[in-house]
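> Given the structure of chain R, go ahead and fit chain A with the ligands onto it with the hints provided.
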Amino acid sequence: MMIRFYLDGQLVEVDVKPTDTLLKVLVDKLGLTSVHYGCGEGSCGACMVLVDDKLRYSCLTFAASVNDKKVTTVAGLLSDHELSPLQKKFVENNAAQCGYCTPGMVLVAKALLDKNPSPSDEEIFDALAGNLCRCTGYVPIVKAVKSAARR
Amino acid sequence: MKNMITLILVFFGLVTALKEINESFLMPESVNKALQLKKLYRDSALVVSGGTASVQLVTKMLISPAAIISLENLPLNYVKKKGNMIEIGATTTAAEILESDGVPNCLLEAAKGIHGLALKQNATIGGNIFTPAPGGDMATALLSLDAQLIMSSSRGRRIVPLTKFYKGPLTYNIRSDELLIAIRIGKPPKHSMFMKQSIYKYGGQTLASVSVALDSVDKVKRVGVAVGGLTPHPYRASRVEKMLLGQKISEELIETTAQNVAEEASDTGLVSREYLRHLAGVLYKRILTRLTSSR
Ligand SMILES: Cc1cc2nc3c(=O)[nH]c(=O)nc-3n(C[C@H](O)[C@H](O)[C@H](O)COP(=O)(O)OP(=O)(O)OC[C@H]3O[C@@H](n4cnc5c(N)ncnc54)[C@H](O)[C@@H]3O)c2cc1C
Ligand code: FES
Ligand code: FES
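Residue numbers (our numbering), protein chains in the order written: chain R, 177 to 327; chain A, 7 to 301.
Hints are computed from structural coordinates only; laboratory data are not their basis. Heads up, a few of these hints could be off.
[What the hints assert, rightly or not] Computed spacing ranges between beta-carbons, pair by pair:
no., chain 1, residue 1, chain 2, residue 2, range
1, R, D204, A, K227, 55 to 61 angstroms
2, A, E105, R, K205, 34 to 40 angstroms
3, R, D204, A, L176, 45 to 51 angstroms
4, A, K248, R, M177, 51 to 57 angstroms
5, R, L187, A, L63, 29 to 35 angstroms
6, A, G162, R, P293, 31 to 37 angstroms
7, A, L104, R, R326, 20 to 26 angstroms
8, R, D191, A, K66, 20 to 26 angstroms
[Stated by the list, open to error] Straight-line distance between alpha carbons at most 25 angstroms, and here's what the computed DMTMM-like set of lysine to aspartate or glutamate pairs gives:
no., chain 1, residue 1, chain 2, residue 2
9, A, K193, A, D183
10, A, K118, R, D228
11, A, K118, R, E299
For glycine and all other residues, C-beta sits at the position ideal for the given N, C-alpha and C.
Bound conformation, chain R alone (with noise of 0.2 angstroms):
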């Protein structure tokens, strides 16, 4: 089935099948780098998108349900090639080794920041809580996520 979407801002039209996940088609059929494989079951994150202003694991998602909708990958959060301003903090943090975990690491710090732009420590670490970094330690992490908040 023929299903369009707005894929970082610019609309693209892909065939795909019923149970063919976002993760597959973004990754396998749109040969995107933005969005990354890890466990293809919930658990780790690294697959992390938003689909018009809500979290999701395309792996957890149906790629036929994203049709006519507005999928955003940790790429479409630059504006002319320049990092948004949370993405530099994560930059000058040290956030990001391998980077593996950084494109959801960054959309669910966007997410947790646009609803709630100065949450405590606390609320960080819960937000977080479903994405695996294997390099890091997580504390330049959330130290990016604290500076990048409104304080």
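Relative to the frame of chain R, chain A with the ligands by itself:
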């Protein structure tokens, strides 16, 4: 007779044609349409609410449904007060529950305990009721609250108490043409609390959970004690409830009743059944101690 046969053939032809056309992803916009589709496909369709448990069934090739019916576009995400009752639409997410007024404390705590913002924004209360351990935290809270489930089909509505919903592992009191539409909680009791133990503080699977709802700590007239994680679906610790009824809750009573909280436990492969039973007792004691400390 000939007419009859033609009619039957046309009917089957129609059904097959419809199935062929719809052998796909269906996203009904109205409850009536969803119920028609459920009636047509019955158990051959996979119903998807938030998708956090159901999508994996397909990607891991555990099932191969004839169609996928997504409930995402149904107007069933709401928390409404109806007189003394609270009604929660089946597709209401944990995040939406946390933003709503009038939700009993134990259900708020269960929703809060679902790890991570992404899961909170997708895990629906309806889906939670169907998800076996280590899922089902909100179901445990609802069970302690004597929640009732509103099942709907194109034939009409049926109310099923949650206490009568679980018939065995992954076996539910729901008919093949029905969908769970909403959950009702009658006048919530004065006190309620949910606690769980998971593998890590922030994340990891729920090992055991306990939820207690109670009208008074001085003379118990109504009480619900539900235990999750020990069995595939949560159960009511009815022996404990009987021991609490009519009593003033004292330290001693908490201690003696705690021995009876873990009625059963299955090996989860993560931890031993002895440890699960121990956890249930500890969580129960912590809850009652907290609830009575505000006396
Ligand atoms: C990494 C991870 C961590 C998790 N952690 C927790 C946790 O801490 N606590 C917890 O409780 N759960 C947890 N879960 C389990 C799960 O996410 C939740 O139980 C969630 O609430 C399921 O809801 P859903 O909307 O995603 O259901 P879905 O996956 O969409 O559906 C689950 C089942 O219910 C059926 N169903 C759903 N809605 C209806 C309806 N209205 N009528 C009829 N049938 C229906 C579906 O057909 C399916 O079989 C976790 C899952 C993952 C992947
Ligand atoms: S790949 Fe989706 S959560 Fe790990
Ligand atoms: S930076 Fe490597 S997994 Fe997080």
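> Which hint numbers does the structure go against, in order from smallest to largest?
Hints 3, 6 and 9 contradicted; others consistent.
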